[in-house]
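Chains as they are written, first to last, in the working numbering: chain A, 1 to 367; chain B, 368 to 750; chain C, 751 to 1059.
Treat the hints as calculated values from the structure; they're not laboratory data. We put the CB at the ideal spot given by N, CA and C, even for glycine. Be aware that one or more of the hints could be misleading.
Claimed, not checked - Under the rule of at most 16 Å between Cα atoms (straight-line distance), these lysine to aspartate or glutamate pairs were calculated in the EDC-like manner:
1. B:Lys-445 / B:Asp-469
2. B:Lys-739 / B:Asp-597
3. B:Lys-445 / B:Asp-723
4. B:Lys-616 / C:Asp-1020
5. A:Lys-166 / B:Asp-469
6. B:Lys-594 / C:Asp-1020
7. C:Lys-848 / C:Glu-935
8. A:Lys-166 / B:Asp-493
9. B:Lys-458 / A:Glu-214
10. B:Lys-616 / C:Glu-935
11. A:Lys-175 / B:Glu-656
12. B:Lys-403 / B:Glu-644
13. B:Lys-665 / B:Glu-431
14. B:Lys-616 / C:Glu-886
15. B:Lys-616 / B:Asp-597
16. B:Lys-562 / B:Asp-579
17. B:Lys-623 / B:Glu-656
18. C:Lys-848 / A:Glu-258
19. B:Lys-442 / B:Glu-644
20. B:Lys-458 / A:Glu-258
21. B:Lys-594 / C:Asp-945
To be verified - Here are some of the chain B residues that sit facing chain C, going by a computed Cβ distance under 7 Å:
22. Val-572
23. Glu-575
24. Thr-582
25. Asp-583
26. Gly-593
27. Ser-595
28. Pro-701
29. Ala-702
30. Ala-703
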Amino acid sequence: MPKWLRLPPPVAFLLLAITLILLPFLTGATLGNSWVRVLDFVLLYVMLALGLNIVVGYAGLLDLGYVAFYAIGAYLYAWLASPHFGLHLPFWAILPLGALLAGFFGVLLGAPTLRLRGDYLAIVTLGFGEIIRIFMNNLNAPFNLTNGPQGINLIDPVALGPLIFKGNHHLFGFKLTAPYLYYYLFLAFTLATIVIAMRLQNSRIGRAWAALREDEVAAAAMGVNTRNVKLLAFAMGATFGGLAGGLFASFQGFISPESFNLWESILILCMIVLGGMGHIPGVILGAVMLTVLPEALRYLGDWQRAALGHVVVDPNDLRMLIFGLALVLMMIYRPAGLIPSRQRRREFAAEDGVAEQEQADLYDAKV
Amino acid sequence: MGFGRRNTLILSLILAGALSGCGKKAETDSDITVIKIGSVSPLTGPQAHIGKDNENGARLAVDEIHAQGLTLGGKKIKLELLGEDDQADPKTATIVAQKLVDQGVQAVIGHLNSGTTIPASKYYHDAGIPQISPSATAIAYTAQGYKTAYRVMANDEQQGRALGQFAVGKMGAKRIAVVDDRTAYGQGLADEFEKAAKAAGGTIVAREFTNDRATDFAAILTSIKGKSPDLLFFGGMDPQGGPMAQQMKRLGLNAKLLGGDGLQNINFIKLAGTDAEGVTASSPGLPLEAMPGGPAFKTRFEAKYGAIQVYAPYAYDAVQVLVAAMKKADSADPAAVLAVLPQTDHQGVSGQLRFDAKGDTQGGAVTVYQVKNGAWAVLETVK
Amino acid sequence: MDIFLQQLINGLVLGSIYALVALGYTMVYGILELINFAHGEVTMIGAMVALSVIGLLLGAMPELPGILVVLAGVLVAIPACMLLGYAIEKIAYRPLRKAPRLAPLITAIGVSIILQNVAMLVWGRQYVSFPRILPEGRHEIWGAHITDLQIFIVVLSLSVMASLWLLVQRTRLGRAMRATAQSKEVAALMGVNVDKVISATFLIGSAIAAIAGVMVSAYYGLAHYYMGFLLGLKAFSAAVLGGIGNIAGAMLGGMLLGMIEALGAGYIGDLTGGFLGSHYQDVFAFFVLILVLVFRPSGLLGERVASRA
Chain A
1 MPKWLRLPPP VAFLLLAITL ILLPFLTGAT LGNSWVRVLD FVLLYVMLAL GLNIVVGYAG
61 LLDLGYVAFY AIGAYLYAWL ASPHFGLHLP FWAILPLGAL LAGFFGVLLG APTLRLRGDY
121 LAIVTLGFGE IIRIFMNNLN APFNLTNGPQ GINLIDPVAL GPLIFKGNHH LFGFKLTAPY
181 LYYYLFLAFT LATIVIAMRL QNSRIGRAWA ALREDEVAAA AMGVNTRNVK LLAFAMGATF
241 GGLAGGLFAS FQGFISPESF NLWESILILC MIVLGGMGHI PGVILGAVML TVLPEALRYL
301 GDWQRAALGH VVVDPNDLRM LIFGLALVLM MIYRPAGLIP SRQRRREFAA EDGVAEQEQA
361 DLYDAKV
Chain B
368 MGFGRRNTLI LSLILAGALS GCGKKAETDS DITVIKIGSV SPLTGPQAHI GKDNENGARL
428 AVDEIHAQGL TLGGKKIKLE LLGEDDQADP KTATIVAQKL VDQGVQAVIG HLNSGTTIPA
488 SKYYHDAGIP QISPSATAIA YTAQGYKTAY RVMANDEQQG RALGQFAVGK MGAKRIAVVD
548 DRTAYGQGLA DEFEKAAKAA GGTIVAREFT NDRATDFAAI LTSIKGKSPD LLFFGGMDPQ
608 GGPMAQQMKR LGLNAKLLGG DGLQNINFIK LAGTDAEGVT ASSPGLPLEA MPGGPAFKTR
668 FEAKYGAIQV YAPYAYDAVQ VLVAAMKKAD SADPAAVLAV LPQTDHQGVS GQLRFDAKGD
728 TQGGAVTVYQ VKNGAWAVLE TVK
Chain C
751 MDIFLQQLIN GLVLGSIYAL VALGYTMVYG ILELINFAHG EVTMIGAMVA LSVIGLLLGA
811 MPELPGILVV LAGVLVAIPA CMLLGYAIEK IAYRPLRKAP RLAPLITAIG VSIILQNVAM
871 LVWGRQYVSF PRILPEGRHE IWGAHITDLQ IFIVVLSLSV MASLWLLVQR TRLGRAMRAT
931 AQSKEVAALM GVNVDKVISA TFLIGSAIAA IAGVMVSAYY GLAHYYMGFL LGLKAFSAAV
991 LGGIGNIAGA MLGGMLLGMI EALGAGYIGD LTGGFLGSHY QDVFAFFVLI LVLVFRPSGL
1051 LGERVASRA
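Looking at chain A on its own, in the form it has when it is part of the complex (with noise of 0.2 Å):
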């Protein structure tokens, strides 16, 4: 960044607050209030994205199971607050105890696997992740849990004492509809998730994780419970992801198993391998280009259709390639991300052959 451009810290915090506040009338006014649907869609990922990073990002286990976790949440949310059981708790009840019983799961999840590394971990997470996914869209027999496939709908919309989320409401002579109140919400989620991060981080517990995705071996002679480590290191991420889960089924107010399948896992670890692993700002840029790419390449199919009267290029069908793409131009040529963090490009540089040396360390290692 040229340095003209450096701002004091508090005027560019300042600034920054200015503009996270004035973001959603600004894009309402310039782009249409559905693009607050969508800004509102990215801080979710943005969370979303913040809890796998713990786990893949800070702790290195690559976690391809990460939407069951996210699934446990919004159905958890879904069952407490829906005509389904006509029962309707209010959100600041139901979102913690979601979150609770999606760490509990992660807890689950990461008791068995501790003692599988790499490769094996991700196609256990995987597996868990379709066990999951898949008991949601069977349990509506014998007993209704899940309304099966055809999931559950109607589930209530947030309500801050008098002020519902849904219709229009008026506040100092602005007009405030669902997306913009669920806006405010998501941020205020998003900023605590990413000082929680970021605090974790620079914790004796984030360091422990460093250590643990560096060398268990090592880990482990310095003192480290790498038991504990890991197990903290899944149900703090699955703990994200089923608040994640109860904010997306009180914004989306109809949730169905196809919601949760093995891609949005992967197009969540796609976002923080993009930004950079284990870097909080990167993780964010990650959910942010992923979130709004698809949104942006519609008005492709749009400009074709308008110029051409078809669609040449399926844009829909182009996002997936995009993707793909991307994954393997960036673990070749920015294996760190697009902003990584100083300490994981040192990691990832394969040069002066102490790479190398950690990785013959790493393949020496014996639980």
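Fit chains B and C to the known structure of chain A by using the hints.
Same frame as chain A, but now just chains B and C:
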């Protein structure tokens, strides 16, 4: 941290661009009022061709109404159709619904799939604008209690019931096996079929499941064979139905195969090959040739857009019934239209259109077809 | 009894298909310790290429015997897949050989997504049907049915396994492969051209994938751009079950997984009163996989320790 400043700069640039764009908007004639109607279907992805077909059906209706001229409340009306793409994805559907509401549409024709129609219906309901789906058949859509949700095609309950009665009454099935693919469509249809078949006196001897990615059904078919059924009902789509027909023959399972509209297409015959022969499947509505306005519609549609895929007549009818309601109310105001929609009675291309209290079509017809000599032939239309 | 026998046959055929794909996984893993996620997609490309060739041949010479047409399809698909496998290794995996373990795994997922979407653009989103040109000899044994194609698939996977075993144990290349698997550095010191050995592994694995792809497509009568992903996943599970890197293990794991799925879907539903029926078929498979990994991380026949994997 220069992020905030740079971002504001970009945003103000966008703002300036948008404002200058506003100036260019064409002024409409003062005596012509433009009424915007949304049309939503997947225009990209695996169902893009069916989605485009829906949009074309709606567009044909809009063009014809324009040619005839429409006057409401003494004002000349021009309908403008805004076609949107929901990618058959529930999340995208809600974003698109919001977009249409923001653009001030007075009604929405869509969406195509049940999985997108249901979440989107919440937004139209909150905005108080009528939504008429040409092709969403899930029961849940009109069971939400929304006074804004309508459809012009027989729902899964009506189709499942017709199929269940047909299986027992006409095909003489006594011992019935039911398989579904665990999708919202397959499970919904299979459940309704099971209810109706039981009520008609059939016995369900097996209930098995597969999924919409599976290709191997040997295990469940063998298990079903052990219960010796005389009919197997499959709630699902052709990519599973085709191999299933083959594997039934291979395993020597001699039950008749019956399915819903997921099987009643040309691809099923391609995938099942010679084993498709004799397979029976239904489709909601009348065959195009038997529709009161079918052949004439076919000529008009094909002159403009080429061959009809599936639901174009229903999308056309959805627009027509909406305009009939507007005429009745002598207004395009959503609240006024919603007030008269329940009493609207319109002779459409697909048949007589009347809605029941929930917003479903009354007496939606279901037609049963059978594969004969490698093509679907009409067996019977069940009202 | 005839039902039980039929379920065993179902499991055997399904297992042979899994085993055929699992052999390719196991070979790559044995040497590189890399899950080649794209292996399932190579299988899919094999099926698609063969189908295109078969379509062309049937259009040009409709009176040609079916077996010859399919054989021609296989013969074109094999070199096409070998080329693809070689390119994948060279472009996506080789530059990352020294990177942290997460990196090649992520590229593997990326390659898999790319191949799926390219296949979708080339061959379309619709399911492609496999013409019914192979003779369909059906046999009945004690009330159970088996076709010539099914027998052929079982025999084929057994013979592919046997030839691979001979290759690895009895040839120079095989020895070089085993040495590379033990330690790339030491193998290089002993005069093994490690790059060539790894390329050869990918070539052989992709050739097997091509054969597997055509067999799967002929057996189920269709092909689809997405078919490779699930198949690859199941086959990988099979390889892990048997002990990844072990050729006989891939066979055993495949058979076992096929049996679990067939018998699980066939009987567990009745045993649990319909509570855990065929809708949990995939859950049984994943559950057994997790159990095996937790209690015997090296797989049934594997000798490696888990932390290496």
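Here's how the hints hold up against the structure:
Restraint check for B:Lys-445 and B:Asp-469: the C-alpha separation of about 19 Å exceeds 16 Å, so the hint is violated. Note on B:Lys-739 and B:Asp-597: the hinted pairing is violated, with a Cα-Cα distance of about 20 Å set against a maximum of 16 Å. Taking the CA atoms of B:Lys-445 and B:Asp-723, the gap is about 29 Å. The hint is violated against a cut of 16 Å. Restraint check for B:Lys-616 and C:Asp-1020: the C-alpha separation of about 24 Å exceeds 16 Å, so the hint is violated.
Only pairs whose Cα atoms come within 16 Å are accepted, and A:Lys-166 paired with B:Asp-469 is accepted, the gap being roughly 15 Å. Of the pairs offered as hints, the one joining B:Lys-594 and C:Asp-1020 holds, with about 11 Å between alpha carbons and a cut-off of 16 Å not exceeded. Between C:Lys-848 and C:Glu-935 the alpha-carbon distance is near 12 Å, which keeps this suggested pair within the 16 Å criterion. Taken as a hint, the A:Lys-166 and B:Asp-493 pair is honoured in the structure, with Cα atoms around 8 Å apart against an allowance of 16 Å.
At roughly 38 Å between alpha-carbon atoms, B:Lys-458 and A:Glu-214 are farther apart than 16 Å, so this suggested pair is violated. Proximity of B:Lys-616 to C:Glu-935 is assessed by CA-CA distance (about 56 Å); at most 16 Å being required, the pair is judged violated. Annotation: proposed proximity of A:Lys-175 to B:Glu-656 is violated, straight-line Cα distance about 51 Å (limit 16 Å). With a C-alpha separation of about 47 Å, the suggested pairing of B:Lys-403 with B:Glu-644 is violated against the 16 Å cut-off.
Straight-line distance between C-alpha atoms of B:Lys-665 and B:Glu-431 comes to about 14 Å, which keeps the hinted pair within the 16 Å bound. The suggested pairing of B:Lys-616 with C:Glu-886 holds, with an alpha-carbon distance near 11 Å, which does not exceed 16 Å. Between B:Lys-616 and B:Asp-597, the direct Cα distance comes to roughly 14 Å. Compliance with the 16 Å bound is thereby established for this hinted pair. Distance check on the hinted pair: B:Lys-562 and B:Asp-579 sit about 23 Å apart at the alpha-carbon level, beyond 16 Å; violated.
A hinted pair counts as satisfied when its Cα atoms are at most 16 Å apart, and B:Lys-623 with B:Glu-656 does not qualify at roughly 27 Å. Restraint check for C:Lys-848 and A:Glu-258: the C-alpha separation of about 38 Å exceeds 16 Å, so the hint is violated. A C-alpha spacing of about 57 Å is found between B:Lys-442 and B:Glu-644, which places the hinted pair above 16 Å, so the restraint is violated. Distance hint between B:Lys-458 and A:Glu-258 is fulfilled; the C-alpha atoms sit about 11 Å from each other, no more than 16 Å.
For a cut-off of 16 Å, the pair hint linking B:Lys-594 to C:Asp-945 is broken: about 57 Å separates their Cα positions. Residue-level restraint check for B:Val-572 is violated (minimum Cβ-Cβ distance to chain C is 12 Å; threshold 7 Å). Contact between B:Glu-575 and chain C, as hinted, is supported at the beta carbon level, the nearest pair being about 5 Å apart and thus within 7 Å. About 4 Å separates the beta-carbon of B:Thr-582 from the nearest beta-carbon of chain C, less than 7 Å, and the hint is met.
Of the supplied interface hints, the one on B:Asp-583 holds, with its beta-carbon coming within about 6 Å of a beta-carbon of chain C, less than 7 Å. Taking 7 Å as the C-beta contact cut-off toward chain C, the hint placing B:Gly-593 at the interface holds, the least distance being around 4 Å. Hint status for B:Ser-595: violated, given a least beta-carbon distance of 10 Å to chain C, over 7 Å. Hint status for B:Pro-701: violated, given a least beta-carbon distance of 37 Å to chain C, over 7 Å.
For B:Ala-702, the interface hint is violated, the least distance from its beta-carbon to any beta-carbon of chain C being 41 Å, above 7 Å. Below 7 Å, beta-carbon pairs count as interface contacts, and B:Ala-703 has none with chain C, the closest being about 42 Å; its hint is therefore violated.
Checked against the numbered hints above, the structure violates hints 1, 2, 3, 4, 9, 10, 11, 12, 16, 17, 18, 19, 21, 22, 27, 28, 29, 30; every other hint is satisfied.
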